[in-house]
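From just these sequences and the hints, can you work out the full model?
These protein sequences, in sequence, are chains S and X. Using the working numbering, read the first sequence as starting at 1 and increasing by one per residue. Using the working numbering, read the second sequence as starting at 259 and increasing by one per residue.
In case anyone wonders, no lab produced these hints; they're calculated from the structure. Be a bit skeptical, because a hint or two may be false.
With a Cα cut of at most 16 Å, we get these calculated EDC-like pairs of lysine to aspartate or glutamate [said to hold, decoys possible]:
#, chain 1, residue 1, chain 2, residue 2
1, X, K265, S, D134
2, X, K265, S, D55
3, S, K124, S, D134
4, S, K182, S, E253
The structure presented is a predicted model; accordingly, all values stated were derived computationally and were not measured.
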Amino acid sequence: MSDITSKIAVRPSLGALANPTRFLNLVRILLPWLWVVTIALFIAGLWLSFAAPEDYQQGRTVRIMFIHVPSVWVAMFAYMVMVSSALGVLVWRHPLADVAARAAAPLGAAFTFLGLITGSIWGKPMWGTWWVWDARLTSFLVLLIIYLGLIALWRAIEEPAAAARPAAVFILIGAINVPIIKFSVDWWNTLHQPASVFRADGPTLSPEFLWPLMVMALAYSMLFLTLHLMTMRNEILRRRIRSLQITTARRAERGQVE
Amino acid sequence: MSMFDDKYFAYVTSSYGITLLVLAGMVLWARAQFKSRTAKLDEMEKLGITRRSQKR
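Structure, rendered in C-alpha cells:
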C-alpha cells in the first residue's frame, strides 16, 4: 500500500470522504501539491498573457480578457459545484455536501465580483461605458446577488443542519440563472459580445490569445479547487468548535461541569 | 512606445491590481480563519473540552 493510501485509508467511493477527519487528513496531504500546481500555472499563464501580441482593435486592453474571462467561468463553475452539493444534501444526504456548498459561496461571490469589476474596467475603453443593463451583465450581477443572499441565509440560521435544506433549495432555484448567463448573448441583443471560446463550431479566438486564456482558466480553476478545500476545512473546524461549545454549555446546565 | 505611454495602461494595471488584491485577500482570509479555528480548538483541548473520539 502506498504512503498516501495507508495514511488516509482511501476507499474508492465518495462515502470514504464522508468522515470529516478522513477528509481533513486528505486535505492536509493534498494542499501543498495543489499550491505548487496553482502557482506554476499562474506563472505560466501570466507569462503567456504578457507575451501575447496586442489586438489590432483593442490594443493592450485585450490582456484584461486573460483575467476577466477565467473569473467569470470560475464564478459559474463555483455555482455548479454548489448545485451538485445541494443535490448531495437533498438526495444523498452526504455529510460533507452542505459543508462544500457553504464553503464555495464566498469564493463564488469573490470571483463574480472580480468578473464584474474587470469587465467594467474593460468595458470603459472598449464600449465607452462602465456599465450597461444588458442581459449578460445584468444576469451576472444577479449571480452575485444570489451568492450574497445564500451567504446571508447561512448566517441567519445558526444551526447548520437547519440551514442545509433551505439553502439547498435556494441554490437549485438560483441555478436557473446559470444558463441564462451563458445564453443571454444569444437570446437577446446585448452590448456584450457572443461566446468566442465554447461554441458549437469551435473557438473564434486566434491561438496566440486562446492559449494564455486557457492556461489562466486552468490556473483560476486550480486556485478555486485549492481555496475550496481550505474553506471546507475551515467550515468543518467551525462546526466542531460550535458543537463542543454547545456540549459544554449543556453539561454546565446539568451541573456536570464544575 | 513603452508600455507606460499606452493610453490603456491605467485600465490594464488597475484590473490586474484589483484581481491580485481580491485573490490574495481570499487566500489570506482562508489562512487566517484556519489559524484562528485551530487555535480555538487547541485552547478548548487544553481546558479538557474535546470530542468523544479524542478522549483516551
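Status of each hint after checking the structure:
1. K265(X) with D134(S): Violated: K265(X) and D134(S) sit about 27 Å apart, past 16 Å.
2. K265(X) with D55(S): With Cα atoms ~14 Å apart, K265(X) and D55(S) stay inside 16 Å; holds.
3. K124(S) with D134(S): Given pair K124(S), D134(S) holds - Cα atoms ~15 Å apart, limit 16 Å.
4. K182(S) with E253(S): Violated, at roughly 54 Å.
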